[in-house]
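When the count follows the numbering used here, it moves up by one through the sequence shown with no breaks and lands on 187 for the last residue.
Treat the hints as calculated values from the structure; they're not laboratory data.
Treat the hints loosely; a few may be bogus.
Label pairs and their calculated CB-CB ranges [to be verified]:
| no. | residue 1 | residue 2 | range |
| --- | --- | --- | --- |
| 1 | A106 | N156 | 29 to 37 Å |
| 2 | A15 | G134 | 49 to 57 Å |
| 3 | F99 | L176 | 57 to 65 Å |
| 4 | A15 | G102 | 38 to 46 Å |
| 5 | K35 | A7 | 41 to 49 Å |
| 6 | F111 | S168 | 48 to 56 Å |
| 7 | A52 | L139 | 58 to 66 Å |
| 8 | F111 | D24 | 36 to 44 Å |
| 9 | M19 | A52 | 39 to 47 Å |
| 10 | F30 | G102 | 56 to 64 Å |
| 11 | G121 | A177 | 22 to 30 Å |
| 12 | T46 | I117 | 42 to 50 Å |
Note that CB positions come from ideal geometry on N, CA and C, so glycine has one too.
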Amino acid sequence: MTTEETYRIGIEADTSAFDKALGDMTAKADAFGAAFSGALKGAVAGTQSLDTVLRQLALRLSTIALNAALKPVTDAAGGLFGQLAGGLGALFGGGGAASGQVQPFAKGGVVASPSYFPSGRRIGLMGEAGAEAILPLRRGPDGTLGVAAGPGRGGTGGIVFNVTTADAASFRRSEAQIQAMLARAAERGRRGL
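From just these sequences and the hints, can you work out the full model?
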């Protein structure tokens, strides 16, 4: 004898991207339908030859396809120019860095959202995959370039050393070994390794 069990599982999902894609497809299908029905009306009414109707339909469909293919490019270019124009407007029209529109990162900081920046003769993009840290660099005495420790920090900081033991007796038995490991770690930190 078999028993049948029913389970209900609730699923939550962000379907906004799907909804947007479905809306785009609906708009493209509507444009195709309008172009096709308009062409057929001209052919049926006899105002245009079938050859002319088919040419116009092909031209209209190729225009729809080209616009759809170029949409991501034009959206990206529009976003880039919008950010550049907004940045220039804030810099020259809004009081420059004092207006709060320009954030200096000479002492470091975090970029929380995608931002464009000049990179030689190209344009760079940072923060595209989430928050990114900007760290100041400084040349060491040997000429190597590395992340600068802030003034007064000198590379020192707190050391957290966690020890987990079954009981106090086992901790006492390994206390000398733990002290030696801690001393080695502190010495490596002092030497900057």
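Do the hints match the structure? See the list:
Range check, A106 to N156: about 31 Å between beta-carbon atoms, so the 29 to 37 Å window is met. Between A15 and G134 the beta carbon distance is about 52 Å. The supplied range of 49 to 57 Å therefore holds. For F99 paired with L176, a C-beta distance near 36 Å fails the hint of 57 to 65 Å. Between A15 and G102 the CB atoms are about 39 Å apart, so this pair conforms to the stated range of 38 to 46 Å.
Between K35 and A7 the CB atoms are about 42 Å apart, so this pair conforms to the stated range of 41 to 49 Å. Checked against the given bound of 48 to 56 Å, the beta carbons of F111 and S168, roughly 51 Å apart, stay inside it. Against the hinted window of 58 to 66 Å, the Cβ-Cβ separation of A52 and L139 comes to about 59 Å, which satisfies the hint. Distance hint for F111 and D24: a CB-CB separation of about 40 Å, consistent with the stated range 36 to 44 Å.
Between M19 and A52 the beta carbon distance is about 21 Å. The supplied range of 39 to 47 Å is therefore violated. At roughly 58 Å, the beta carbons of F30 and G102 sit within the given window of 56 to 64 Å. Between G121 and A177 the beta carbon distance is about 41 Å. The supplied range of 22 to 30 Å is therefore violated. At roughly 46 Å, the beta carbons of T46 and I117 sit within the given window of 42 to 50 Å.
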